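Trainee: Chain residues, written in single-letter form:
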Amino acid sequence: MKVLVPVKRVIDYNVKVRVKADGSGVDLANVKMSMNPFDEIAVEEAIRMKEAGKVDEIVVVSIGIEKSQETLRTALAMGADRAILVNAADDVHTDIEPLAVAKLLKAVIAEENPGLVLCGKQAIDNDMNATGQMLSALLGWSQATFASEINVDGDSATVTREVDGGLQTIKVKMPAIVTVDLRLNEPRYASLPNIMKAKKKPLDTKTAADLGVDVAPRLSVVKTTEPAERAAGVKVADVAELVAKLKDEAGVI
Amino acid sequence: MAEDIFGQLLDEFGAGVVEHAAQSYLEEPRGTYQSAPMPLIRPHDTQGVSDVVAFCHRHNIAIIPYGGGTGLVGGQTKPDGNAVILSIERLNKIRDIFPTENVIVVEAGMFLADVQAAADSNNRLFPLSLASEGSCRIGGNLATNAGGTQVLRYGNARDLCLGIEAVLPDGTIHHGLRRLRKDNTGYDLRNLLIGSEGSLGIITAAALKLFPKPQETTTALLAVSNVDAAVQLLGMVQDQTGGLVSGFELMHRNGFEFLTETMPTLRQAFDTPPEWSVLLEVSGGADFNLDERVMNVLETAMETELVLDALLAQSQSQRDEFWNLRETIPEANRLIGAISSHDISVPISRIPEFIANTPALLAQFGDIRINCFGHLGDGNLHYNVYPPKGGQKKDFTHLRDDIQRTVHDQVQKFDGSMSAEHGIGRLKVADLETYGDPAKLAAMRAIKFALDPKGIMNPGAVLRND
Numbered sequence: 001m002k003v004l005v006p007v008k009r010v011i012d013y014n015v016k017v018r019v020k021a022d023g024s025g026v027d028l029a030n031v032k033m034s035m036n037p038f039d040e041i042a043v044e045e046a047i048r049m050k051e052a053g054k055v056d057e058i059v060v061v062s063i064g065i066e067k068s069q070e071t072l073r074t075a076l077a078m079g080a081d082r083a084i085l086v087n088a089a090d091d092v093h094t095d096i097e098p099l100a101v102a103k104l105l106k107a108v109i110a111e112e113n114p115g116l117v118l119c120g121k122q123a124i125d126n127d128m129n130a131t132g133q134m135l136s137a138l139l140g141w142s143q144a145t146f147a148s149e150i151n152v153d154g155d156s157a158t159v160t161r162e163v164d165g166g167l168q169t170i171k172v173k174m175p176a177i178v179t180v181d182l183r184l185n186e187p188r189y190a191s192l193p194n195i196m197k198a199k200k201k202p203l204d205t206k207t208a209a210d211l212g213v214d215v216a217p218r219l220s221v222v223k224t225t226e227p228a229e230r231a232a233g234v235k236v237a238d239v240a241e242l243v244a245k246l247k248d249e250a251g252v253i
Numbered sequence: 001m002a003e004d005i006f007g008q009l010l011d012e013f014g015a016g017v018v019e020h021a022a023q024s025y026l027e028e029p030r031g032t033y034q035s036a037p038m039p040l041i042r043p044h045d046t047q048g049v050s051d052v053v054a055f056c057h058r059h060n061i062a063i064i065p066y067g068g069g070t071g072l073v074g075g076q077t078k079p080d081g082n083a084v085i086l087s088i089e090r091l092n093k094i095r096d097i098f099p100t101e102n103v104i105v106v107e108a109g110m111f112l113a114d115v116q117a118a119a120d121s122n123n124r125l126f127p128l129s130l131a132s133e134g135s136c137r138i139g140g141n142l143a144t145n146a147g148g149t150q151v152l153r154y155g156n157a158r159d160l161c162l163g164i165e166a167v168l169p170d171g172t173i174h175h176g177l178r179r180l181r182k183d184n185t186g187y188d189l190r191n192l193l194i195g196s197e198g199s200l201g202i203i204t205a206a207a208l209k210l211f212p213k214p215q216e217t218t219t220a221l222l223a224v225s226n227v228d229a230a231v232q233l234l235g236m237v238q239d240q241t242g243g244l245v246s247g248f249e250l251m252h253r254n255g256f257e258f259l260t261e262t263m264p265t266l267r268q269a270f271d272t273p274p275e276w277s278v279l280l281e282v283s284g285g286a287d288f289n290l291d292e293r294v295m296n297v298l299e300t301a302m303e304t305e306l307v308l309d310a311l312l313a314q315s316q317s318q319r320d321e322f323w324n325l326r327e328t329i330p331e332a333n334r335l336i337g338a339i340s341s342h343d344i345s346v347p348i349s350r351i352p353e354f355i356a357n358t359p360a361l362l363a364q365f366g367d368i369r370i371n372c373f374g375h376l377g378d379g380n381l382h383y384n385v386y387p388p389k390g391g392q393k394k395d396f397t398h399l400r401d402d403i404q405r406t407v408h409d410q411v412q413k414f415d416g417s418m419s420a421e422h423g424i425g426r427l428k429v430a431d432l433e434t435y436g437d438p439a440k441l442a443a444m445r446a447i448k449f450a451l452d453p454k455g456i457m458n459p460g461a462v463l464r465n466d
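As given, the protein sequences belong to chains A and B, one line each in that order. Take the first sequence: its letter number 193 is residue 193 in our numbering, and every next letter is one higher. Take the second sequence: its letter number 11 is residue 11 in our numbering, and every next letter is one higher.
Bear in mind the hints are in silico, worked out from the structure with no lab data behind them. Quick caveat: nothing in here was measured; it's all calculated off a predicted structure. We put the CB at the ideal spot given by N, CA and C, even for glycine. Don't take every hint at face value.
[To be verified] A partial selection of chain B residues facing chain A, derived with a Cβ cut-off under 7 Å:
#, residue
1, Leu298
2, Ala310
3, Leu312
4, Gln316
5, Ser317
6, Asp320
Isolated chain A, as found in the complex (with noise of 0.2 Å):
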């Protein structure tokens, strides 16, 4: 069976994010990006999922910019097999909304014939939670989102889901879109040797004129605005001031 993860290249999870001064969006420019850690999580599962016998082949997508040459080398370094880019846009601040990027996918899906596709949940940068249930809309497969463990079994795949208050397994019928949330599993490191070997793996480039989807933006962007900010901790000198202040001040005993 043949794997597709689409991966995004992201805003890196622990830099400190800022807001244009026109409010426009998040300022990108000289911000280190770095792979979605949910999709890193998708292809770590395909490569587990490849070294137990499962899959023969993982094929990873991006749609972006140019540079998401870089995030492709990276799954290629933790053990993907070939890389597909589809540049579809120039400048960074571009974002590709979920419909197109499924479109896009399913373009890519039509010429690959994937017998699953693996995704993160949703992309850190807009948190849309869209793209999988979109591709899977599209395309009329099955879907399991949220994906805690994945054990696929000839034509059917046994999801665990996690949901509010607990988890949800599901079976669904392949092909199938499975969306795979923070505690599947733990990505690998990228080691040195893997990485020289990626520079070889095949990347093919292509357009998003290519695959005929025209990626301009429905949705406009009003306003960005940061999270208001944390008041300042106080340091109690001792229980009695501690007891006093959450009886008086916080009101929570």
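With chain A held as given, fit chain B onto it using these hints.
Mentor: Same frame as chain A, but now just chain B:
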């Protein structure tokens, strides 16, 4: 400390400034020293510090200057309690910042992490970085000439300081808060007070150097074939990057095993920890292609088997995970419980020989474990000795002095220092007398007497007070 002195202080400075010190002010992180109960004085500004010191000077009251209390050699304690604690914690404002000059002027009570954050929000780097940065204060960092992980590239606290404001032992204020890079105007009082560990005065504010922020950082965790290979690799990376190495931390397998023993849920980087590993960090400007440069060096180093395996951080999160392993080792060490810890430095090219020869000298003390780790890039190693797995620290306590002497004698033989970055405090006063240069010691005593004839400033720290 007699109650009447507390009363006198209270009358003079008021209950908002004088109180009985809470337990946390009487302890130190290693648990070796414990102060007897003492008054705690927390002035609000430099003039307040000056008033307290002048008062103590008049009444012959000893002062323990207090920063964040994170020092590791007991300099913040007074076991006989015959003193007052003077904390600079309320002097915690940024006085000024000059991004174009790359200078920040801060009060001594600011947390190091807050100075770093202030620099960062001005798109600048304040590079001093150490494990306790969230709770140590910049005045304490200067008073102890703190080191940390960035010394290789940016120097220690002394190298990062342009000027200081300080209160001298008679209460006079030294106004040396200049922000000049060149200022050759007589004896350098700033450099005398930096590293004086509160024995010559109290630093109340400092002008500190800032740097442009690196735009690109490459971080790698490497399994190296031995310590000599690590030293060779450092030279190779420095040559290939034009000196852009900002971190080069050596770690022994025992450090990772301590992490497994004490924090089994912490994720380890290597499936099987190598005997020696190095955390390498290189940083520079935008589009320096540091990843490529570093990988080229590492490829060569792998071909020649200096490096056995290399993991490259692909994101800031992975970079933080690598550093977290390094920075959690001291906590694991604490949980295991060292028989004896040694903060040493040795000329870098002699480190492989030092590490190869020292365990044989320690073998006489029985079944012990050595965790040697630290800032290989600047020659500073933490060479700590532990009981065997499942063993008890208390069964070895009687050997502590002998182990320490053995390690320090060996350090002396290698032209090293028995206190690289932690200072002398109370812990190493005798070591300083044993290993220090006699002419230097005589000059130190003369300086101490000239500035503090009554011996009220941190008596018993750095120099014996009799």
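Trainee: Work down the list of hints and note, for each, if the structure agrees.
Mentor: Status of each hint after checking the structure:
1. Below 7 Å, beta-carbon pairs count as interface contacts, and B:Leu298 has one with chain A at about 5 Å; its hint therefore holds.
2. Evaluation of the B:Ala310 hint against chain A yields a held restraint, the C-beta minimum of about 4 Å falling below 7 Å.
3. Hint on B:Leu312 holds. Least Cβ distance to chain A is approximately 6 Å, under the 7 Å limit.
4. Residue-level restraint check for B:Gln316 holds (minimum Cβ-Cβ distance to chain A is 4 Å; threshold 7 Å).
5. Against a cut-off of 7 Å between C-beta atoms, the interface hint on B:Ser317 holds, since the closest Cβ of chain A lies about 5 Å away.
6. At its closest, the beta carbon of B:Asp320 sits 6 Å from a beta carbon of chain A; the interface hint therefore holds under the 7 Å criterion.
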